[in-house]
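**Student:** In case you want the letters, here they are:
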Amino acid sequence: MNGTAVLHSIIDGVLTGSVYALMATGLTLIFGVMNIINVAQGIFVILGAYLSYALSVHLGIDLFVGLAITIPTLFVVGVVVERLFLTRIKGPERVVMSILVTYAVSLVIEGVLNMVFSTNYVELHAWYVDRSVKVFGIYLPYIYLLGFAMAVVLLTALYVMLYRTRFGSSVRASLADQTSAALVGINVKRVSTVCFGLGVAVTAAGGMIYGATNAFNASSSYDLISRLLVIIVLGGMGSIGGALVAGIMMVTIEDLVSVVWGPVWSNLAFFLILVVVLSLRPQGLFGKQTVRVA
Amino acid sequence: MTSTTAFLSFDDVVAGYGGGDVLKRVNFVVQEGGVTCIVGPNGSGKSTLLKTVSGLLRPRLGQILFKGTPLVGKTPREILKMGIVQVPQQHSLFKEMTVEENVSLGAFLVRDRSEVSRRLESVREIFPIVTARAKDKAGSLSGGQQRLVEFARCLMLEPELVVLDEPSMGLDPKTLRSMFHTVKLMNEMGRTVLLVEQNARQALKMSHHGVVLENGQVRLSGTGKEVLNNPEIGALYLGGTFHSKPPAPEDTAMKETD
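Chains as they are written, first to last, in our numbering: chain A, 1 to 294; chain B, 1 to 258.
Calculated from the structure, these hints are not laboratory results.
These numbers were taken from a predicted model, which means no experiment stands behind them.
Hints are supplied without guarantee of correctness; some may be wrong.
Straight-line alpha carbon distances no greater than 25 Å define the calculated DSS-like cross-link-like pairs of lysine-lysine that follow [stated by the list, open to error]:
{"no.": "1", "chain 1": "B", "residue 1": "Lys135", "chain 2": "B", "residue 2": "Lys95"}
{"no.": "2", "chain 1": "A", "residue 1": "Lys189", "chain 2": "A", "residue 2": "Lys288"}
{"no.": "3", "chain 1": "B", "residue 1": "Lys67", "chain 2": "B", "residue 2": "Lys184"}
{"no.": "4", "chain 1": "A", "residue 1": "Lys288", "chain 2": "B", "residue 2": "Lys135"}
{"no.": "5", "chain 1": "B", "residue 1": "Lys174", "chain 2": "B", "residue 2": "Lys184"}
{"no.": "6", "chain 1": "A", "residue 1": "Lys189", "chain 2": "B", "residue 2": "Lys205"}
{"no.": "7", "chain 1": "B", "residue 1": "Lys174", "chain 2": "B", "residue 2": "Lys205"}
{"no.": "8", "chain 1": "B", "residue 1": "Lys225", "chain 2": "B", "residue 2": "Lys205"}
{"no.": "9", "chain 1": "A", "residue 1": "Lys288", "chain 2": "A", "residue 2": "Lys134"}
{"no.": "10", "chain 1": "B", "residue 1": "Lys95", "chain 2": "B", "residue 2": "Lys67"}
{"no.": "11", "chain 1": "B", "residue 1": "Lys74", "chain 2": "A", "residue 2": "Lys90"}
{"no.": "12", "chain 1": "B", "residue 1": "Lys95", "chain 2": "B", "residue 2": "Lys174"}
{"no.": "13", "chain 1": "A", "residue 1": "Lys90", "chain 2": "A", "residue 2": "Lys189"}
{"no.": "14", "chain 1": "B", "residue 1": "Lys174", "chain 2": "B", "residue 2": "Lys137"}
{"no.": "15", "chain 1": "B", "residue 1": "Lys174", "chain 2": "B", "residue 2": "Lys225"}
{"no.": "16", "chain 1": "A", "residue 1": "Lys288", "chain 2": "B", "residue 2": "Lys137"}
{"no.": "17", "chain 1": "B", "residue 1": "Lys67", "chain 2": "B", "residue 2": "Lys81"}
{"no.": "18", "chain 1": "A", "residue 1": "Lys189", "chain 2": "B", "residue 2": "Lys174"}
{"no.": "19", "chain 1": "B", "residue 1": "Lys95", "chain 2": "A", "residue 2": "Lys189"}
{"no.": "20", "chain 1": "B", "residue 1": "Lys174", "chain 2": "B", "residue 2": "Lys81"}
{"no.": "21", "chain 1": "A", "residue 1": "Lys288", "chain 2": "B", "residue 2": "Lys95"}
Whenever a hint applies, use it, and build me the whole structure from the sequences.
**Tutor:** So, in structure tokens, the structure goes:
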């Protein structure tokens with residue numbers, strides 16, 4: 001172990017962690033506004049990766065240019081799923097039912113992807129995927145830097161939307177209290193639909209980076225969703241800032257432990273931190289200690 | 001009791017949750033320009049009644065008419081557009097948002113930004129706290145201050161009817177007086193007020209009309225003074241009669257509903 005390796009792992013962790021943070025932000029936005037745990041978020045990421053793959057392989061469209069197609073496509077997929085299945089879930093069992101319904105959605109999409117693309121692992125390719133730039137003696141892959149830049153741009157856009165627009169005010173109000181939001185005239189149902197669409201749309205970007213840095217098939221969604229759920233639990237369910245911090249923290253800790261003690265310990269160290277944090281703050285790092293009713 | 005010219009009327013309203021009815025054929029009329037106070041014991045259906053007005057709960061039977069237009073079946077948003085604003089029982093400010101953001105959200109349905117600014121200025125004059133604590137998070141305010149900001153927010157829509165669900169809940173005596181004074185002020189500004197209040201004596205004193213709800217039905221209705229002076233009601237809900245001497249016969253000549 002040397003200082004450069006540790007520094008390298010920290011930088012890698014921050015760069016890739018930002019992409020996980022982006023994907024988790026979508027998940028926590030959906031939970032915060034709708035009280036729905038979308039366990040299909042993992043398969044939406046993989047769907048985004050496959051869409052980028054199809055555009056790249058069959059139409060020769062660059063991975064980043066393809067986002068102009070995949071992001072709106074997944075937004076529409078999210079809106080359709082929300083309208084078809086999630087608006088029907090009501091009552092005190094809403095959270096539990098949402099897990100079952102989105103898991104069913106996940107299984108259907110997984111089956112379709114397996115049929116269309118087979119179960120063989122694929123990877124996304126572009127000229128910048130295998131190249132690096134050397135900065136102060138550290139090789140940084142272009143794809144990590146581009147992914148980080150993309151995550152920063154999208155998260156900034158999300159921030160501006162949330163804090164500088166009328167729609168953003170309605171989202172934050174709905175995040176805080178749906179009944180009170182309805183009483184000032186906010187159409188909470190429409191806000192929920194758009195938020196679910198946005199939460200799914202960001203997986204297109206995350207999926208593209210994931211597919212460019214990992215070989216994947218439809219089953220890769222299980223590892224992804226477990227990581228994303230851990231991130232939003234650690235950050236605090238419904239907290240967008242929490243998802244950001246926890247996403248970067250998770251990957252950085254994994255990378256750091258992997259370099260210092262070896263890859264075998266990386267997951268263990270992270271989950272140990274999760275257990276300790278939740279023991280001290282059951283609501284997560286930035287979550288609010290509230291009791292939700294229905 | 002039904003009248004197409006009434007400001008707000010409840011006609012045989014039945015409503016509830018799950019399998020049971022909380023409201024069992026409620027009938028009464030709210031007069032324009034006044035303060036109408038609904039009192040009654042816990043579980044009598046007071047808050048449920050207000051939820052049917054604001055669209056949070058759809059009555060199973062009956063009709064609610066606002067200036068002759070049916071409210072049943074309309075969404076809270078549509079009802080707001082008609083000029084009816086409700087301040088719910090629990091504090092309803094968005095605690096992570098600033099006071100100014102909260103108040104501005106009161107005019108969420110108003111698209112014209114200059115109009116929102118004009119209304120904000122007007123509300124600031126009535127509620128100095130909106131300016132004094134503009135950039136503070138609403139969650140940092142005391143219960144009484146939050147209630148004032150809620151009132152300020154509800155006036156942003158320049159409503160015709162303000163529906164208040166137990167606005168005095170959790171307030172200390174000094175803040176309580178200030179709160180009632182503000183309700184009176186809102187009424188003097190031309191807003192009709194429909195109020196549910198546990199602090200019945202004080203509320204009825206400032207109300208033009210009083211309605212006693214019991215087991216989901218209107219037990220009595222009359223002027224605020226009449227309800228206040230009714231010995232039976234006084235004993236049941238106001239902690240004893242209000243006046244030391246028995247009320248004059250004309251004071252108790254209120255309408256009884258079975």
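**Student:** With reference to the structure, classify each hint as holding or not holding.
**Tutor:** Now the hints, each set against the structure:
1. Lys135(B) to Lys95(B): Judged against 25 Å, a Cα distance of about 12 Å means the pair holds.
2. Lys189(A) to Lys288(A): Satisfied, since the Cα-Cα distance of roughly 23 Å is no more than 25 Å.
3. Lys67(B) to Lys184(B): Answer holds: Lys67(B) to Lys184(B) is near 22 Å, not above 25 Å.
4. Lys288(A) to Lys135(B): 21 Å, holds
5. Lys174(B) to Lys184(B): 16 Å, holds
6. Lys189(A) to Lys205(B): 41 Å, violated
7. Lys174(B) to Lys205(B): Answer holds: Lys174(B) to Lys205(B) is near 17 Å, not above 25 Å.
8. Lys225(B) to Lys205(B): With a Cα-Cα distance of about 7 Å, the restraint between Lys225(B) and Lys205(B) holds, given a limit of 25 Å.
9. Lys288(A) to Lys134(A): With Cα atoms ~42 Å apart, Lys288(A) and Lys134(A) exceed 25 Å; violated.
10. Lys95(B) to Lys67(B): Roughly 35 Å separates the two Cα atoms, so the pair is violated.
11. Lys74(B) to Lys90(A): Roughly 19 Å separates the two Cα atoms, so the pair holds.
12. Lys95(B) to Lys174(B): The given pair, whose Cα atoms are some 24 Å apart, holds under the 25 Å limit.
13. Lys90(A) to Lys189(A): 12 Å, holds
14. Lys174(B) to Lys137(B): 23 Å, holds
15. Lys174(B) to Lys225(B): Within the cut-off at roughly 23 Å; holds.
16. Lys288(A) to Lys137(B): At roughly 15 Å apart (the allowed maximum being 25 Å), Lys137(B) and Lys288(A) satisfy the hint.
17. Lys67(B) to Lys81(B): 14 Å, holds
18. Lys189(A) to Lys174(B): 40 Å, violated
19. Lys95(B) to Lys189(A): Satisfied, since the Cα-Cα distance of roughly 21 Å is no more than 25 Å.
20. Lys174(B) to Lys81(B): Since the Cα atoms of Lys174(B) and Lys81(B) sit roughly 34 Å apart, the hinted pair is violated (cutoff 25 Å).
21. Lys288(A) to Lys95(B): OK: Lys288(A) and Lys95(B) at ~11 Å, within 25 Å.
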